[in-house]
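**Q** Each protein sequence line maps, in turn, to chains A and B. Counting with my numbering, you get residues 756 to 1099 for the letters of the first sequence. Counting with my numbering, you get residues 383 to 670 for the letters of the second sequence.
Incorrect hints may appear among the rest.
From chain B, some residues computed to sit far from chain A (all C-beta separations above 10 Å) [said to hold, decoys possible]:
id	residue
1	Phe387
2	Ile442
3	Leu447
4	Ile448
5	Asn468
6	Val474
7	Thr504
8	Ile511
9	Leu589
10	Phe605
11	Ser624
12	Val640
13	Val644
14	Phe666
Distance condition first, Cα-Cα at most 16 Å in a straight line; then the derived EDC-like pairs of lysine to aspartate or glutamate [stated by the list, open to error]:
id	chain 1	residue 1	chain 2	residue 2
15	B	Lys415	B	Glu555
16	B	Lys415	B	Asp475
17	B	Lys540	B	Asp384
18	B	Lys415	A	Asp864
19	A	Lys1064	B	Asp384
Because the hints were derived from the structure by calculation, they are not lab data. Think of the CB as a built atom: it goes at the ideal place given N, C-alpha and C, for glycine as much as any other residue.
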Amino acid sequence: MAGSFSRDVIATIGLTVVVIWILPYVISTFTITVLIVYGLLGLSLGLVWGYGGILCFGQAVFFGIGAYTYAISAINIGESTLPMLLSIIVPSLFAALLGAMMFYGRLTDVYLGVITLVVTLIFYRFINSTAGPHYKIGNAQLGGFNGIPGFQTLNIPGQPSSYIWGDGYFYFCAVVLAIVYLGVSILLRSDFGRIIVGIRENETRMSLLGYDVRARKTILFAIGGGIAGLSGALFANWGEIVTPSVFSLGQSAEIILWCIVGGLGTRFGPILGAAGLSYLKFLLGQQSFVDNTLITGLILVFFVLFLPKGIVPTIVNVWDLKFGRLLSDRFQKPRRNRKLRLNG
Amino acid sequence: MDYFFVILIEILYSIASLVLIGAGLAIIFGMMKVINLAHGEFMMLGGYVTITSVNYGINIFLSILIIAPATVGLIGLVVERLVIRNLYSRLVDTMLATWGLSLFFIGVVTMIFGNTTTGISTPIPGFSIGTYQVGGYNIFIIMISAFLLISAYFILKKTRAGLIARGSMQSAEIASALGYSPDRVYMMTFFCGSALTGLAGAVLAPLVGLVPSSGGAYIAKAFITVIAGGPSLVVGLVSSASLFGIVNQLFTFLYSPVVGEVALLVAAVILLRLLPRGITGSFFKDRL
Chain A
756 MAGSFSRDVI ATIGLTVVVI WILPYVISTF TITVLIVYGL LGLSLGLVWG YGGILCFGQA
816 VFFGIGAYTY AISAINIGES TLPMLLSIIV PSLFAALLGA MMFYGRLTDV YLGVITLVVT
876 LIFYRFINST AGPHYKIGNA QLGGFNGIPG FQTLNIPGQP SSYIWGDGYF YFCAVVLAIV
936 YLGVSILLRS DFGRIIVGIR ENETRMSLLG YDVRARKTIL FAIGGGIAGL SGALFANWGE
996 IVTPSVFSLG QSAEIILWCI VGGLGTRFGP ILGAAGLSYL KFLLGQQSFV DNTLITGLIL
1056 VFFVLFLPKG IVPTIVNVWD LKFGRLLSDR FQKPRRNRKL RLNG
Chain B
383 MDYFFVILIE ILYSIASLVL IGAGLAIIFG MMKVINLAHG EFMMLGGYVT ITSVNYGINI
443 FLSILIIAPA TVGLIGLVVE RLVIRNLYSR LVDTMLATWG LSLFFIGVVT MIFGNTTTGI
503 STPIPGFSIG TYQVGGYNIF IIMISAFLLI SAYFILKKTR AGLIARGSMQ SAEIASALGY
563 SPDRVYMMTF FCGSALTGLA GAVLAPLVGL VPSSGGAYIA KAFITVIAGG PSLVVGLVSS
623 ASLFGIVNQL FTFLYSPVVG EVALLVAAVI LLRLLPRGIT GSFFKDRL
């Protein structure tokens, strides 16, 4: 967590402005919107895995629950403000329950992986099998394999007929991502954030120091679930339909891939990984010479073998070696130490 | 009475297929502590090898029992040498790398065979018990898994190779101090595990329509069965496969196949919560 918080705020605002102004000249806003939504999803796992050390194979569950919660409540309520809030609260509650079950059972890495994977599968199977007309919540048909189309999309609070769509929706998503990013920065700067990183480094030591490791992991997991849920709701608004594929294993795999490629233990890495890889996938989808999945797989293997730290930490490292010493000699001594902590 | 037999066969079949699906993964995980997330794709490859060789006019049993395991075993060997060898004792990294491999294989098969369903018919006709019709091939699967379990037990328990394998499993350092290169043991183990996985995929191929992504249907079940089984190889596999097989079939009979599947998954979550070290971590300790 190099630098001061004010520098973070300025950098975030600067970057957001650049994204909003310049990127639309290069990529259509419709595409960037979904890249931003995926960035938010990547950030959610980046927080849980990169800082909390919890490898969740089922981050897609919270994404999916967020999307479905939004769709179902938007159909029933007919206005988008409350559904947006619900799509954060419901996945986060579910994550808290699941997390409490796992962390109070002292489950770790592999077992955690199995349980989150299995929960993803349960949702996928269940939602896929809800095709019949008797599967409905309020007025919303769950629709099985076909998903839920035709729900109320985002509108200005209190005015159900003035929709936020197109470019407006793009700005909205960019601002949401910037706000969440700052929120995550604040969280990681707080005592809670420091303790979480401590737990990642050495769980036994933190619990011997008297911190309740289980409760903190559960809370972090719930926060990650909430962010993933929010991105699910944004995704539902973008696609104007939700289908069971939001719960698929492929979706979960992709989120993990984004974090690996972007770089764990950074906030920006997973966002960059998500947006970059999704755009790459989008470009690859336009050709039929090489299969898309094949490339994704090769990228994952390549990164695990040769760049296990991911892009952002590697760049930061190189930057540090080249310029870091120079800068820190000239300006302030302790800077390098802080940089090291970022990479660690 | 007939109905009872039919249910019994169905339950046995369900257990046997779980054993088959889990066996390769159990060997690789139990011996090397490597979780091979490309397991499902190895099975898928086994299936495709079988179908291709049957289409070339080779006898189906020859394809299932010899060609498919040999081919997939060799693929596994290449994978081990190129990728997994570099990642030993990095559990999470191997999981991720093999996940990447699984995507890679899906891509390759999609490019070769296309994203369409292929299949062959079962080579053994069904027979009837009273008024019920039972698939003869299901009996074949039950026999194959029983044979696999017994031979795995005897190889591990009675042969020199089994002794070396168990030795390196307990302590790789001591095995290497005694002159057995862990590298070679791991290589052989991975080969055997992959070959078994290929066999499983080949045996199950006539029952399912194969698509390049059908590995995904196996990996979760294999994963659950092996992890819930715990540290003992054979006993763990049998006990968790029995438990999940019975749960799955009971709920399938009572409600529907989807409920059966979900019940299996829920049972796995509950079991892992109660016995985080797997069944053989708490019961039947120190068995093979």
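**Q** Against each hint, give a clear statement of whether it holds in the structure.
**A** Here's how the hints hold up against the structure:
1. Phe387: Consistent with the label, Phe387/B stays out of reach of chain A, its closest Cβ about 29 Å off (over 10 Å).
2. Ile442: 29 Å, holds
3. Leu447: About 29 Å separates Leu447/B from the closest Cβ of chain A, which puts it past 10 Å; holds.
4. Ile448: Its Cβ never comes within 10 Å of chain A, the nearest being 29 Å, so this holds.
5. Asn468: 6 Å, violated
6. Val474: 6 Å, violated
7. Thr504: 26 Å, holds
8. Ile511: 30 Å, holds
9. Leu589: Nearest chain A Cβ is 19 Å from Leu589/B, so the label holds.
10. Phe605: At about 6 Å from chain A, Phe605/B fails to clear the 10 Å cut-off, so the statement is violated.
11. Ser624: 19 Å, holds
12. Val640: At about 4 Å from chain A, Val640/B fails to clear the 10 Å cut-off, so the statement is violated.
13. Val644: Given that some Cβ of chain A is not farther than 10 Å from that of Val644/B, nearest at about 6 Å, it is violated.
14. Phe666: Holds, since 19 Å exceeds 10 Å.
15. Lys415/B - Glu555/B: 15 Å, holds
16. Lys415/B - Asp475/B: Holds, at about 12 Å.
17. Lys540/B - Asp384/B: 40 Å, violated
18. Lys415/B - Asp864/A: With Cα atoms ~13 Å apart, Lys415/B and Asp864/A stay inside 16 Å; holds.
19. Lys1064/A - Asp384/B: Judged against 16 Å, a Cα distance of about 60 Å means the pair is violated.
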